[in-house]
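K.L.:
One letter stands for each residue in the lines below.
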Amino acid sequence: MVRRRLGPAMIEFRSVTKQFPDGTVAVDSFDLVIPPRKTTVLVGSSGCGKTTLLRMINRMIDPTSGSILIDGEDTSGLAPVKLRRRIGYVMQNSGLLPHRKVIDNVATVPILNGVPKKDARARALELLDTVGLDRSLASKYPRQLSGGQQQRVGVARGLAADPNILLMDEPFGAVDPIVRAELQQETIRLQEGLGKTVVFVTHDIDEAFLLGHQVVILQKGGHIAQVGSPAEILANPANDFVASFVGADRGKRVLRIERVDGRDVVVDENGTPTGVLQP
Amino acid sequence: MNLLGEGIAWIVDPANYAGPQGWIVRMLEQLFYTFGAIAVAAVIAIPLGYLVGHTGRGRDIAVSLSGGFRALPSFGVIILLALGLGIGFKAPLLTFVIIAIPPILAGAYAGFEAVDRKTIDAARAMGMTEWQVMTRVEVPLGLPLLIGGVRSSALQVVATATLAAYVSGGALGVFIFQAFATRDYPQALGASVIVTALALALEGIFALIQKLVVPRGVVAKEPKDVRARAPRPRATTGIPVQEGK
Numbered sequence: 001m002v003r004r005r006l007g008p009a010m011i012e013f014r015s016v017t018k019q020f021p022d023g024t025v026a027v028d029s030f031d032l033v034i035p036p037r038k039t040t041v042l043v044g045s046s047g048c049g050k051t052t053l054l055r056m057i058n059r060m061i062d063p064t065s066g067s068i069l070i071d072g073e074d075t076s077g078l079a080p081v082k083l084r085r086r087i088g089y090v091m092q093n094s095g096l097l098p099h100r101k102v103i104d105n106v107a108t109v110p111i112l113n114g115v116p117k118k119d120a121r122a123r124a125l126e127l128l129d130t131v132g133l134d135r136s137l138a139s140k141y142p143r144q145l146s147g148g149q150q151q152r153v154g155v156a157r158g159l160a161a162d163p164n165i166l167l168m169d170e171p172f173g174a175v176d177p178i179v180r181a182e183l184q185q186e187t188i189r190l191q192e193g194l195g196k197t198v199v200f201v202t203h204d205i206d207e208a209f210l211l212g213h214q215v216v217i218l219q220k221g222g223h224i225a226q227v228g229s230p231a232e233i234l235a236n237p238a239n240d241f242v243a244s245f246v247g248a249d250r251g252k253r254v255l256r257i258e259r260v261d262g263r264d265v266v267v268d269e270n271g272t273p274t275g276v277l278q279p
Numbered sequence: 001m002n003l004l005g006e007g008i009a010w011i012v013d014p015a016n017y018a019g020p021q022g023w024i025v026r027m028l029e030q031l032f033y034t035f036g037a038i039a040v041a042a043v044i045a046i047p048l049g050y051l052v053g054h055t056g057r058g059r060d061i062a063v064s065l066s067g068g069f070r071a072l073p074s075f076g077v078i079i080l081l082a083l084g085l086g087i088g089f090k091a092p093l094l095t096f097v098i099i100a101i102p103p104i105l106a107g108a109y110a111g112f113e114a115v116d117r118k119t120i121d122a123a124r125a126m127g128m129t130e131w132q133v134m135t136r137v138e139v140p141l142g143l144p145l146l147i148g149g150v151r152s153s154a155l156q157v158v159a160t161a162t163l164a165a166y167v168s169g170g171a172l173g174v175f176i177f178q179a180f181a182t183r184d185y186p187q188a189l190g191a192s193v194i195v196t197a198l199a200l201a202l203e204g205i206f207a208l209i210q211k212l213v214v215p216r217g218v219v220a221k222e223p224k225d226v227r228a229r230a231p232r233p234r235a236t237t238g239i240p241v242q243e244g245k
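For the protein sequence lines, the chains are F and H, in the order given. So the first sequence is numbered by my numbering: it starts at 1 and just counts up by one. So the second sequence is numbered by my numbering: it starts at 1 and just counts up by one.
Hints may contain errors.
To be verified - Each computed DSBU-like pair below joins lysine-lysine, with the alpha-carbon atoms no more than 30 Å apart:
1. F:Lys38 - H:Lys118
2. H:Lys90 - F:Lys82
3. F:Lys82 - F:Lys117
4. H:Lys118 - F:Lys117
As the list claims (entries may be wrong) - A few chain H residues that don't get close to chain F, going by computed Cβ distances all over 10 Å:
5. Ala18
6. Ile87
7. Phe206
8. Leu208
What the hints assert, rightly or not - Using C-beta positions, here's what the derived DEER-type ranges look like:
9. H:Gly67 - F:Pro80: 56 to 64 Å
10. F:Asp22 - H:Asp121: 39 to 47 Å
11. F:Asp162 - H:Gly56: 47 to 55 Å
12. H:Gly56 - F:Asn113: 27 to 35 Å
13. F:Val254 - H:Leu51: 40 to 48 Å
14. F:Glu73 - H:Asp121: 46 to 54 Å
15. F:Pro80 - H:Pro47: 42 to 50 Å
16. F:Arg14 - H:Ser64: 44 to 52 Å
17. F:Arg135 - H:Ile209: 47 to 55 Å
Think of the hints as simulated: they come from the structure by calculation, not from any bench. Ideal placement from N, C-alpha and C gives every residue a C-beta, glycine not left out.
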């Protein structure tokens, strides 16, 4: 395959508006710069337009007005099918093709791009290693896998064409908390190792703070309540909505230091110790 | 000898099955109608059904069309068409095509509709063209329902093909119509038994095909323990583990 030189993958939203045919305005003149090679998390309750924003990046949804630029190039001038093939997409419930084996699911996009089947499969096997799956699962069908394993296959498939952008739409929403924590750590490790621009959608603020270099808190209609690093948002919530959303007004995030036996013990609002402060 | 015994005797009598007027030739005519009608109906109904299933457009028309066609009285249609096309095989064949279309059409679009929307959305998000979504996702996953439609078409036509004889179209109905005219009940019964056996045989064959076309991954067993990291060795007794090849 002739490798196209891909840019660092900076994504820009320029006054993007999306109104659905039923009249709902999902996103209203939205502006955002998503920095390259970092994880940006769009977080908000359901109906805030976060998934709509994500799906506009790979033109699964076209904006009503405004433009989306990838490395300065307006995506409205690009063919949707070609654009989607160079952007990884991981969705909730993995969205694997049930009639294809794991290895063929992973190899789907490279084969669409014209990579010979043998090479695509060899690369798919490597990707199973990358996402921490045993190669023996390659010949299984998606239904024979657990939810967490399916999700890993979904990530491997998203990475298969070696895209510089990875879109993740609540990918861990349907797995149990233990597997979820594992997959989150895996995502951090992969992002650091591969240097992809990751755009991640979730309604879980803890997940957002864990994964995001940049966290975008959204209110209804795709209005940005606050953009910043997790620390910035915690230190300085822009308004009451943000404070309440991140839980700054609840016990969990309000910590105090108490001096016990000459050491600084961190306790939460209820006085329950959560840890010891290192000098 | 009772009537059933006489009917069986009629079937096994070489005078009745051999030769160009024997029931073997008539049975082949019956099968010609069945497969001919299904082939023509498939060429018309499958692309139409796929189009409806893929785009979701024209669904109401397809539903009412197949419902309306189903309600047509086949005997009346044969006679009506024979008035226009003359006696012979054309009018019955065309009638059977009309009978065969609705179940195939319904099977084709229902097969597409039964595919999980999320799977199709994922296929599109990966960068499949509409054609690829159709041929690589919807067609294989919708195949069992399509074959189900073909199966009920076949069953309906193979039984109805008996009517062809009324307009001199041959097939097994020849014996039945003749037997009623001459009050030869063993012959009527013998021929009916053959029609029934033919229908049962076709039903069995199509049931088997329908089972075979279900994609492997769709029938694959789900893991017992959802947290399992790797396949575990099973106990040697009990049901063997069903796995993809």
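K.L.:
Report the numbers of all earlier hints that the structure fails to satisfy, in ascending order.
P.N.:
2, 9, 10, 11, 13, 14, 15 and 17
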